[in-house]
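Protein chains in written order, with my numbering: chain A, 1 to 552; chain B, 1001 to 1244; chain C, 2001 to 2352.
Please note: incorrect hints may appear among the correct ones.
Some chain C residues close to chain A (C-beta under 8 Å, calculated; not the full set) [to be verified]:
1. D2039
2. S2111
3. L2168
In case anyone wonders, no lab produced these hints; they're calculated from the structure. Each residue gets a CB set at the ideal place from its N, CA and C atoms; glycine is no exception.
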Amino acid sequence: MTTNVPVIDSHHGTPATGKPNFLNCSSGLMSWAGTLDHKRIGVMYLVGTMIAFLCGGLFALLVRLHLWEPHGMLFSNADYNQIFTLHGAFMVFLFVIPAIPGSLGNMVLPLMLGAKDVALPRLNLLSFYLWLTGAILATLAIVLGGFDTGWTFYAPYSLYTNKAVVTIGLAIFVLGFSSIFTGLNFIVTVHKLRAPGLTWFRMPLFVWALYATSLLQVLATPVLGITVLLVAFERLYHIGIFDPRLGGDPVLFEHFFWFYSHPAVYIMVLPAFGIISELVSVHSRKPLFGYKLIAFSSIAIAIISFLVWGHHMFTSGQSTYAMFAFSFLTFFVAIPTAIKEFSWVATVWKGSIALNSPMLYTIAFLIIFAIGGLTGVILGALNVDIHLHDTYFVVAHFHYVMMGSIALAFFAGLHHWWPKMFGVMYDETLAKIACGIIFVGFNLTFLPQFIMGSRGMPRRYATYVPDFEAYHRASTIGAMVLGSGVALMVFYLVASLLSGKKAMQNQWGGVTLDWHTPTPPPLENFDHPPSVTTEVYDYSTLDLRTTQTPVS
Amino acid sequence: MSHDGHHSVVIPAPGPEFLPHTVAHHFDTPVQEFQAAKLGFWLFLATEILLFGGLFAAYFYYHEAYPETFRLGGHQLDWKLGALNTSVLLLSSWTMAMGVRSAQTSQKKKLLVYCGLTVLGAAIFMVVKFFEYKAKYDHGLFVFPEMFHGYDTATGQLPWFKDYHGVMAGVPHGHLFFAIYVTMTAIHGLHVLIGAGLILWVMKGAAKGRFHAGYFLPVDLVGLYWHLVDLIWIFLFPLLYLVP
Amino acid sequence: MLALLIQDPAKINYIEKPAPRPEVDAFGQLEKLASTFHDVDGLFYFTYAVCIFFFVLITGVLVFSCVKYRRKTFDQPPASNTTHNTPLEVVWTVIPLIIVMVMFAWGFAGSIDMTTVPYEASRNAYKASAKQWNWTFSYPNDAAKSYNEVWMRVGKPAQFTLESSDVLHAFYVPAMRVKRDIIPGRFQTVWFTPTDIGEYHLFCAEYCGENHSTMYARVHVVSEADYLKRPWDLWEDDTPEKAVKSAASLYSSLCSTCHSINGAVGVGPTWKGLFVKGPDGKITGKQRDVLVKGEKQTITVDDAYIMESVRSPDAKRAAEFPNGGMAVFPPDQLDDRRLKGIIEFMKSLAEK
Ligand code: HEA
Ligand code: HEA
Ligand code: CUA
Ligand SMILES: [Cu+2]
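If we strip away everything but chain A, and leave its shape as in the complex, we get (with noise of 0.2 Å):
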């Protein structure tokens, strides 16, 4: 990759310091376990949610396997349904949720807005410990003889079935408590401790979408606590709320769950947001497009997030006034996103664009999340969705915006701060091979989905009709493709940080407040106090000495 570096060579550049920084300031396992360190709390939460990741990655290589043959190739039907509702349940409660906001806001976060740390340092070691013990009961369900229930916990059959259903509850309503603690913690951070000179209108993107996402996080999750502790009061003392044997109606399950679910997708997607508004600037080196466009339009995803929640019940015989409602609105929320999608592409075009690899992963990114978004379009048409609810279709619909769209914008980021948070490079060659097999694998994967879906398979089918064989066998092929770059993935990063070159200290090129402190950061992150005076993303202000952007 360094084949045509026509100006400098690769080692020109100011390199990481060796002074004293967060990761080799104290040691031993008491200094991480009991850190107050953003920093520290930010890699331990990269460690617990990549594993999950991984854990729940494995479940899913597990169904696809499963689904090679028509009648199921490894399990019985019952413990194929609980390798999907494992699966769907450890990459949405211990992944998604908390991965960006926990790892890299974390870390990002008070480095951008130039402050010691977070607000609350101590509610932030508590959010990770809560994490934790939720990852643990969720481990411990499954050997209390796990749940089939989906991750929907769909009631009367979360009710009935003779499975951990209570312990996973508890689980989640301790997960639900450490991201709620996230983002109360986010909110009062951007709110007290910008550095001076660090307008609302200053900030990166990041900022902006964390501050998004911990409103609804701090709004909508309390509902979703509610709703799985009454479930839990229901099978063990049968209240009745929702069991329709004593009076209850499943369906205000349904609303409950989706009252908060919903919105719970933007939580995921907002962080996801933020990290490519912020990746397309600094590697296309040009000011982003439609700035305040993006500030407002997440803000207004949150909100109109929390009324839409119906378009998951079309089929549930809601009132036509229920449904009109929801369906436009579904179709309303998806316009502030556009504007994103398109102001990206803007920033884009004619900017000076690094080819490395957190920027193919941002341009994977707008490529699926195209694709993604505009299914969810489709499904938001109400007739249509009464066709595919239910389906592959739906099912691929969210692999294209969970893992196609956020978990790339994950790894986006990941590869983006990661020379910030350890101060070494991983292996760019394998890094951009990687990011190509992840992306054909996973639309190999996904894409055979739709058609499927559209021709009427249903999803959590342990076993189908063998018209769709041929569809299954060349998404299970895509898995293992898709498998393999992700394993790639997570070989060279260990790799890096046993062996890694040093980074530079200011890799990329960034001109945010993240990169204006040493690499990595020292424990209370700046050497002298920051104060901004210029605009976000001016790259007239880059120092070009401190930066050694690989060219390709």
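We have chain A already, so just place chains B and C with the ligands on it with the hints.
Showing chains B and C with the ligands alone in chain A's frame:
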């Protein structure tokens, strides 16, 4: 945690019976610390309200679906006891507010007295609640010991709902009202207990002299929490005891 | 639970008799439509085209930019530093808005058609009862029922009333573009007009537990003449052999999701060995441990016990299944005549 080389701001104690307060290292000023904690706490209170919001939604939904059940069920509650508890909580909210004021004006003794009164209020509330629950138990409207026994899926007969006197006979799903009543009031009761515990913790700090005009943040926050507990009851009382 | 990497042999019934492969429409996406709901396909293809348009546009711009504006020197500045272009921003807000409003109106109108049952359909009312994990259909003005198979007249609008006695299920016939959740305790309906003679899949599209994926039924759309032969009521039991044969097929559509006949334990006990053949060829019931209100008793299996197991299974539960779980079949779902046939079938399994 030691943060060598960084000097944190210290708020001096106003008198010998008080302790100074050290501002956390990552804040520049005491005001910043105070405001951050306060904003965070308000957000936390919002989540508490939303948590109860789910329960209220369920209440309204079933009130709509089974109006008769809720009417009859409401009659089984003793509105006089409910009203008594309402006034106890209102009074305790006042004593708590006075406690916060005493902290702000560095009146250590008064702070302890007012907090003590508030805890007393919490205790009275819980005792009254106990008698109310006991009455439900005696009438077989909520047989606590049998709460966790399953139920007969064919007949839908619940072990905890016996209704010895048949007061709910003739209305559909009579147990629903009591299920919602007990769930809501028990979760609220738990909040009362947590609140009382927090006030006791404040008293412990107050006795040591931690809170004074320069630093009263924990007292302020616990006070807010206690007002929230009170506020939720203000909604629960009419909905459960009066509206039906 | 993960230890069970083995396949349960007695579970799938639709694999043995695969349905004809669904035909595909011109675009290659949707299965051939066999009802009057053209709107669904029209809107689907419209949105599909919109998606492809925007996808191509976005990918095109990105790929072009990456090629043309790639950073070739270390300090190459961007070709432009524009951060605003109000007309452009208005355009890309308003055009998507118009497009999605079209989709909304079109989809809403279509869904009104799909949920408003016309008078003619309501006069041709079927009932579909879903339970874990099978379907029972009753016919307009006809006492007979059929299981996991349903016959309909071509060209005649029909309504299905949906009911569930346990958990959520969903009635889904892809070729007809209809789907509706079935909610215990709620009244739900779907309607459609089958337009083409043929056989179609009916899936359960709402997750309902272990055998959700095998909760499958076949929709036969037949001509008026064929319909009048009442194919769903072909139950022959003039001779014991015929009864066993009819019952065997009923078994495979109704009971085989939970009971095996080869000794494998499924959701319920196997039927193998329920009856045994003595040395004299006489068939008698086996000794069996049951739980009556939780108390263990030993009984001898006989016709009455079987009848009771089907009508009120919880009265005497098989001791290995203390939690029960047997689906109840009252007489209006499984009449005595057929139940007797099933008992004959069980007896025919007896071995020495
Ligand atoms: C993070 C995850 C995420 C995100 C971001 C989205 C985004 C969207 N989703 Fe998705 N969705 C899920 C996760 C997500 N979804 C999940 C998990 C489920 C299933 C849950 C389950 O049942 O298990 C689901 C299911 C789901 C359904 C229910 C399907 C069903 O079960 O029947 C619907 C229906 O309306 C829907 C719609 C949408 C819409 C309109 C958007 C919009 O926000 C998309 C907006 C984006 C774009 C529009 C693309 C970019 C813009 C352009 C390329 C410009 C051009 C645009 C236009 C012309 C409009 N989603
Ligand atoms: C963030 C969310 C997320 C992500 C990233 C994924 C990722 C993937 N999902 Fe997931 N999926 C869901 C969320 C997600 N999924 C949800 C919510 C459901 C619905 C569940 C329900 O219905 O209740 C679902 C359902 C679902 C189904 C449908 C099951 C069914 O309905 O019957 C399928 C089937 O193909 C599937 C496949 C995959 C695949 C192949 C991936 C791949 O992208 C995974 C790629 C990752 C890897 C392959 C990891 C690599 C691992 C290794 C290399 C092994 C190393 C391991 C260790 C060291 C431990 N998923
Ligand atoms: Cu019945 Cu799924
Ligand atoms: Cu949604």
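For each hint, the structure was consulted:
1. Interface hint at D2039 of chain C: satisfied, since its Cβ lies 6 Å from the closest Cβ of chain A, which is below the 8 Å cut-off.
2. Interface restraint check: S2111 of chain C against chain A, minimum CB-CB distance 4 Å, threshold 8 Å, status holds.
3. Annotation: L2168 of chain C was flagged as interfacial toward chain A, and the flag holds, the nearest CB pair being 6 Å apart, inside 8 Å.
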